[in-house]
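Chemist: If you read the sequence shown in the UniProt record's numbering, its first letter stands for residue 1, the second for the next number, and so on.
These are computed hints drawn from the structure, not numbers from a lab. Please note that the accuracy of each hint is not assured.
Okay, the calculated beta carbon distance ranges per label pair [what the hints assert, rightly or not]:
hint, residue 1, residue 2, range
1, Asp193, Asp238, 23 to 29 Å
2, Ser365, Gly488, 40 to 46 Å
3, Lys540, Gly819, 40 to 46 Å
4, Asp364, Ser490, 54 to 60 Å
5, Leu520, Val574, 17 to 23 Å
6, Lys600, Lys771, 28 to 34 Å
7, Glu489, Ser247, 46 to 52 Å
In silico EDC-like pairs for lysine to aspartate or glutamate, Cα to Cα no more than 20 Å straight-line [to be verified]:
hint, residue 1, residue 2
8, Lys1057, Glu943
9, Lys921, Glu943
10, Lys363, Asp428
11, Lys535, Asp561
12, Lys765, Glu436
13, Lys1068, Glu943
14, Lys921, Asp935
15, Lys508, Asp561
16, Lys135, Asp85
Cβ atoms here follow ideal geometry from the backbone N, Cα and C, with glycine treated the same way.
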Amino acid sequence: MKRHFLPLTILSLSLLTTPLLAQETKVDPVLQELGWRNIGPAIMGGRIDDLAVVESDPKTYYVATAAGGIFKTTNHGTTFESIFDGYETSSIGDIAIAPSDPNVVYVGTGEANNRQSSSWGYGMYKSDDAGKTWKHLGLEKTQHIGRVVVHPKDPKVLYVAALGKLWGPNPERGLYKSVDGGETWTKSLYINDDTGITDVAMDPSDPNTLYAAAYTRRRTAFGFAGGSADGGLYKTADAGKTWKKLSGGLPSGEVGRIGIAIYPKNPKIVYVTWENDNKGGTQSAQGNGYIWRTDDGGESWERRAQTNPRPMYFSQIRVDPNDDETVYVTGVSTYVSVDGAKTFSSPFSRVHADGHALWIDPKDSDHLLLGCDGGIQVSWDQGKTWDYLNHIVISQFYEVHYDMRFPYHVYGGLQDNGTWEAPSRTLDARGVTNDEWLNVGGGDGFYAQADPLDWRVIYTESQGGAVARFNQATGERKSIRPRAETPGESLQFDWNSPILISSHNPKKLFFGGNKLFISLDRGDTWRRTDDLTGKPDRTKLPILGKPVDPAKTLSANDGQDTYGSIETISESPVKEGVIWVGTDDGVLQVSQDDGKTWTKCTVPGVPAGTYVSRVHASPHAAGRCYVSFDGHRSDDFKPYIFVTEDFGATWKKLSGSLPDGSTVSVTRDHPRTPNLLFTGTERGAYVSFNRGATWERFDKPFPASIPVDDIQVHPRENDLIFATHARGIWILDDIGALEAKAAGLAPVTLAPVKPAVPYRIASRKAITGHKIYVAPNPTTGNPFRFYLDEKVKGAATLTIKDTKGKVVRTLTQAEPSAGWNLIRWDIRENPAVAPTATANQGGGGFGGGFGGGVQAPRLLPGSYTATLTVAGQSSTQPLAVYDDPRSHLTDKERKEVHDILAALRDTYGELDAARTLLTEKRTALEKEPASPKRDAKLKELTELLAQIAPTAGGGRPGGGGQGGGGGRGGQGGGNPNAPANRRTPGALRGNDPQGGNRPTTATPPPATGGATGSGESGAEGQPTPRPAPSNSLTTRLGRASQNIDALIEPLSPGNKKEAEAAIQAAKKAISAAKKLK
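Could you build the full structure based on these sequences and the hints that come with them?
Modeler: Okay, structure coming up:
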């Protein structure tokens, strides 16, 4: 009998703990002041690694995600709170709640599912306050933790099953024990540098008795091997001092992954899944090994059913705590036995595939929680029916792209959840919800590209090169996967094969396999290059010291069907025909003749064979390209980013200031500002304002340590878009401030301005409970961000001019601060009466006070300039104005609406001036001694004021900081989706990549109300008019204005007549007021 004894080494927390993420990272103030939006999706989830329930209070539980941190609910899943943001890692392997004190929670980081996309962790964490705060407990080099168990009576005693590195050997693996709450650790069970512990289970009646599963596995860029003779099942009866490797009928030889389940009411009964065969593949429950049961605490074992689906990825077995004959095994399906694992069925329906976590309520066996690749599902009838908790965002994107609609939509592929699209914002007040997300591709989703001229046509790709052209309007799909042209031609495609639409020709496509495929007809036919990889023969490449034998190696190459494929493609936006490709076997090549000939590039300092994660041809120079390499598949966790200026002849390293562990997935430069770079890593995202010389990390509210797999900058909206493999899509609206900093800040700097679109917003969705995810829309009002190097006395004035130099709007901020400031604008012209500006509040519209129902017209679509002036210094930026995309007005119709609203606005201003004049005269008369002449004049004056009829409350028009009176809509500028004869004016079309005629499925809502109090200036608003006599001149002007502004439609004869009559009557009163002496 072989025994493994306790090593003498004791690991001290004080030696292992490193500074927290917040202390390691420099965060620029501008990054903290910008607002992120997480637009989802929540309609599908992401991979769940564990579920930990407070069994004395089962409405409270914790959810461990593969890469998105930890979520907690205290109300049976009606709402969840993210409780593990801002730490060194977001990948969670296991969670354990101390049975004797539910406030004590331990977390082992680094998921243990062994996928090619698995994130690694940073050791152990502990909370003493039920997840409010966390303390790092060391063991950071373990990288992947499969299970944590806590003593039933002593919350300071725990065991940690550390698998160790997935991509290489390391001694920091095995079973660790702590008796002081994680302050120090002993390595209780250690096999070797390649074999870790994947599972551990504790006898609830005798916590000195534990079972541990040893597992040898290794993943590389080219394959996977999952087993050895060093694996097996171990038992201790003395709290880990000594261990015995169990046999008793269990299979000998090479062993793969093992899962353990103890029956709590009789802990002598133990079930294990046992991988010792590889004939089942990834989808079958048979052929990978059997389930075994012992009734005597492991002395002897009986073989049960051959139900062990994809052990490398699952190996999770549970026994009903109230019935030892009811056994669950998770897999692609969840398998259930009611005869002690002798036979199984898969009765669960309407649940997502790929289960990794299952909890059975010990007080109610009908109550189940299932965690899978699709998130969290709950059953109250032992799996007959399920509730899908699709209201937390844990979706795992690989790539993201966008279209050119108004508002633009985003597209992306997700791990085991297909390809989806959704609007970046809605035209509903409630924002983006699950119903906005539409599925446009199946399988595991990866690249998605939208035709820039026709958003209805998109290209999607799922595993193995399954690329298709999809029509969003009809739902039709056509496979355009390249096929072999000759019987002997070898084609192979990776799990994630890139597709790219040429920026020079939207019908031209690039698609990557072992060759580059080029199509000029949207994928109907393909031209192909030679094999651009290193042509590796992976059958000769060793894993764990020997080549993988598909017939014998356990879980042979699971998840890695091929090796030697193009992983990334980029075409120069500057010069057509300049194409870059990078492969999974480390080959980087460039063509300058549209793929006819190729030049291999050697990048100094990068180990040979390192996976090329992204190439990005710069839009600023034909020979410039950014390339990132990801070496973690070769056990190299350093970041690699380089740039060339000469088509790959020489290279400059840019990743020097990025921390180790932040392996790089993508680097892109800004389409307008060459100094501004963004990079996404396995642990967060970074920005550089100096072309990669230094990097700064994006932090709260963005979760700083989640994997960012792709980055885009929308070229029109200037929004930064992140695809995270953890928490869905994140959008940073309007990064003009980042551009300004990268370009160099003057003492007074107005940042580049986002295009202004006066969307009419309405509330059209049903009222729901709390069990819903709603992503916020951008804050209403077009933003103007400006920088001051020091605080100044006096106001900041923002002036908007048309192409003729006419001032159409002036906004002010009374007391701007040093640093960055913000003014918001309602996209309307100046009001009739300018309000008084207040601190941190722009000069807005004219809601409140006198006659608040008259609207200033929205700006006509076109080109404008915005100039900020502070203390005699100015900064100017161009400004593009579009119309609501649902408008179908011609230019002539739009101008008619604008002009009549302007006339109503101007008349309103004159009427207010007349009212002021009359009020002053009346005040003066009232001070004179009474006389018939005075009284007659006072009567005449009062009657005239009554015709004008100031609204209740009187006074000058109030300073509505958000533009005051916004109406229920209104006319405005060019419609990018309109027919050709009703397009945006030519001056603006040059700013629109779509050229004007784009279909839309949106329906027109009216706008909702805007705020009028303190705060940021300028937004679309809906006034709340004060009562006034129905026949007063102010009411007539306001009613005429609102009737015209309420809907996007041509000026009707009736509305025109009403407006002209109101103007004429007001002019008459104004004239009479001027004549009064």
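Chemist: Taking the earlier hints as the rules, which of them does this structure contradict?
Modeler: 2, 3, 6, 8, 10, 15
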